Amino acid sequence: MEKIFLINGQEVKVQEFSHKGDSVSFILNGKKHFYMLISKDQEFLILDNGGRFRAAVSSPNRDGDSMIFSNGREALGSAQGKKIKKSGAVSGGLKSPMPGKIFKILKDVGSQVKKGEPILILEAMKMEHSIRSDKDGTIQEIRYKVGELVQGGVTLAEVQE
Amino acid sequence: MKIKKILVANRGEIALRVLKTAKEMGIRVATVYAEDDKNLPHALFADESYSLGSGTLQDTYLNKLKLIETAKKANADAIHPGYGFLSENTEFASMVESAGIIFIGPTPESITLMGDKIGSKKALEKINIPMIPGYHGDNQELSFLCSKAKEIGYPVLIKASAGGGGKGMRIVHQDSELEEAISGAKSEALKAFSNDKVLIEKYVVNPRHIEVQLMSDTHGNHLHFFERECSIQRRYQKIVEETPAPNLTQELRLKICETAVQISSGINYRGAGTVEFILSPDGKFYFLEMNTRLQVEHPVTEMVTGHDLVKYQILVAEGEKLPVKQSDIKQKGQAIECRIYAEDPDQNFMPSIGKIDRIGTPTLRDVRLDCGFLDGTEVGVNYDPMLAKLVVWGETREIAISKSIHSLDEVLFLGVKTNRDYLKRILAHKDFVSGFTHTHFIPDHKTELEPRVHSDQDLADLIAALSFSGTTKVSNGSTEVLKNPWTELIGFRN
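Protein chains in written order, with the working numbering: chain A, 10 to 170; chain B, 16 to 509.
Just so you know, these hints were derived from the structure itself, not from any lab.
Note that this is a predicted model, so its numbers are computed, not measured.
Cβ coordinates follow ideal geometry from the N, Cα and C atoms, glycine included.
Among the hints, erroneous ones may be present.
[To be verified] Computed spacing ranges between beta-carbons, pair by pair:
#	chain 1	residue 1	chain 2	residue 2	range
1	A	F112	B	N221	40 to 46 Å
2	A	F112	B	D361	25 to 31 Å
3	B	H234	A	F112	54 to 60 Å
[What the hints assert, rightly or not] Using 27 Å as the maximum straight-line C-alpha spacing, the simulated DSS-like pairs for lysine-lysine come out as follows:
#	chain 1	residue 1	chain 2	residue 2
4	B	K212	B	K141
5	B	K79	A	K135
6	A	K110	B	K370
7	B	K253	A	K135
[Stated by the list, open to error] Examples of chain A residues toward chain B, derived with CB under 10 Å:
#	residue
8	L37
9	F43
10	L54
11	N58
12	V66
13	P108
Hey, can you work out the whole structure from these sequences and the hints?
And the structure:
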C-alpha cells in the first residue's frame, strides 16, 4: 500500500507500507526499511533497524501534526490521510503568524466572507492581528475559542470557495 | 545576622536555583507565583509559596509592595531577587532594606551607579578602566568631528546620540568615506529622532564578549571567579556561554579579571556582580557595563571553579567574610551552558508555546539541567521563553562540546518547539570548535547554521517513529487511542 507522510510540510511517499504489531516496513525511494518496536513508554520509543535508537512522538496538535524525535533528528509530521479526511484541504487554512491568544471571533462558521475580510483577531506580542480571509467563500471551520492560546503557524480557520 | 528564611522574588529555574542552595544551608525558603504559574515547580517545591494573584507583570512579579508585604507575612528575613525582574531596581532594594529585610544583592547606590550607563563610564574612567575610545561631546561641527574620527583611528562607528535600531549608524573605514557618512548619519538621525547629534566610537571588528564574575564581601574582600565567554548571541541575547574563554592567553585573562576587580573594589561593591568587556582581536579590551546581580550563566563558573555563588551571596548578605581567598579560586576543565528556548530558530526565532508532554533527563556525569518546568506544564506567552539551561562540564573543551551535543539530544521538550537542534549546529560549527567566536557569529554564519536536510535514512526513522506512536486517526476524523502504553508495553524483550 502506498502511504503519504507530511514531514516538515513536505510530502514523503512510501510504498508497500505495512504495520503489523511491533513491526513497520516500507520502501522509500527504492530502498526497503524495516523497524521493530523494542519498547514503548507513553511518548518514548526504542526502535531497532539493525541498530537500536531512541525516538519520541508528541500528541498531535489540532492541525494533526506531531513533533517527532528520532536518532537526534527532529521534525513536525503526520500521516497525510489524517489531514485530508478532516477538512478536505490541507493548504486552505488561515494560519496564526505567531503564538498568541484568540482575542475576538468576528464571524460564525457557515457565514459568507469576502477576500480580505477579518474573521478573527489574534492578540500576540501585545498587538492585535486581524486574521483575514484569503478568498471569497464560506467559513468551514474556526478551530479555537476566544481566550485560547494558539501556537504560531497553526490553522485557525478555514474558508472554502 | 544568620538568615533563617529567604523569600525568592522570582520565578522559574532561578527561583529553584536559590532554593537548592538555601536548602543545603538549612535555610527555609518561601517562593511567590503568579496564578498562571501555580503548577510550575517554583510554586510547588518550596517550604512555603504565596500567590501574587493574576494580571500583568506589574501586578505580580514586579509588584514591589506586594512582594515586601509577602516577605513580612512569611516572616522572611531576606529577599533574593534572582535575575531580571526587580534584581537591578534601586527603589526595590531601598524599600526592602527600609522594611528591615536583608536584600541579597548590592547596595542601592551600586545599582544606581551601574544602571546609569553614562555616569558609570565617567566614574570608571577616573579609576583608569579602559573605555572604547570615542567622542560623545556637543561640538557637532563637521570638520571637528572629522578630526576626532581620525584621532580615534579607523574603523569608526558614527551613531545617532538619541539612537537605537541601527538608524543613523555608519561604519567608516577610511578618510574618503568620512564626511559623507557623518552627514548621512546626521540627516538620518534628524529624521528618526528629531535630533541630529551624533557620537563617534572606535568600531571593533569581530568583538568578543568577555565578562568577569565578581564577588565582594563587606570586609573589603573583592574576589573574581575568572571570566566567561558569552559571544554567541542572537538579537543581543546570549545563548551559549562558556568558561574558560578559548583562545585567551593566561596573561590577558588575568589582566581582564584584575581590571574587573579594580572596578568592584573601586566602587566598594557588595555581593555578586559581573563586569562585561568587549575584547578586540588585537587583545585590547574595553568596559561595556556592569550587571549588579547573579547572571543567568553563573553555573558555568560554578562548574569550573567548584564554588557555589548563591551560597556566597547569602554569606555576604549575612555580613560574613567570604570563606575563600583569591589564590583558592582556580579553573578546572571546561564548562558550557546552552540556553534552551521555546522558539523556532529556523523561522526567525519565533517564540513557541504549548504543553510540555515530557522533559528528557540528561544522563552523563557532570551535566546539570536547570529547568523551571515539569512534565505536563504549559509554556505560555507571558514570560521569557527560556525553558532551561543545560550546563555541561568536561575535562577539556573538546569533551565539553561533545558531551553538550549528546546531552542536547537527551533533554528534549516533547510538545514544544525548541532551539535544541540549532544549539547543536552552533556547537558543531568548525569556528565554534576552534574557539573563533565573536558577537556576529550567528548573523555571519546564518547559512551554515541552517538545518541539515533530512537524508532518506532520517526520513525513514521519523516515519517509523510516527507509525509506532500510540494514536491514529480513523476515517471520521476523530482520534482513537489504539493502545494504552501503561497497560500494554508491547515487545518488551530485553
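Hints, one by one, checked against the model:
1. A/F112 - B/N221: 40 to 46 Å: Holds, at about 44 Å.
2. A/F112 - B/D361: 25 to 31 Å: Once the Cβ atoms are compared, 27 Å apart, the range 25 to 31 Å for B/D361 and A/F112 holds.
3. B/H234 - A/F112: 54 to 60 Å: Given about 56 Å between the Cβ atoms, the range holds.
4. B/K212 - B/K141: holds, 25 Å
5. B/K79 - A/K135: holds, 23 Å
6. A/K110 - B/K370: holds, 15 Å
7. B/K253 - A/K135: Distance ~24 Å between B/K253 and A/K135 Cα, so the pair holds.
8. L37: holds, 5 Å
9. F43: holds, 9 Å
10. L54: Result: holds, 6 Å to nearest chain B Cβ.
11. N58: Result: holds, 7 Å to nearest chain B Cβ.
12. V66: Result: holds, 4 Å to nearest chain B Cβ.
13. P108: holds, 4 Å
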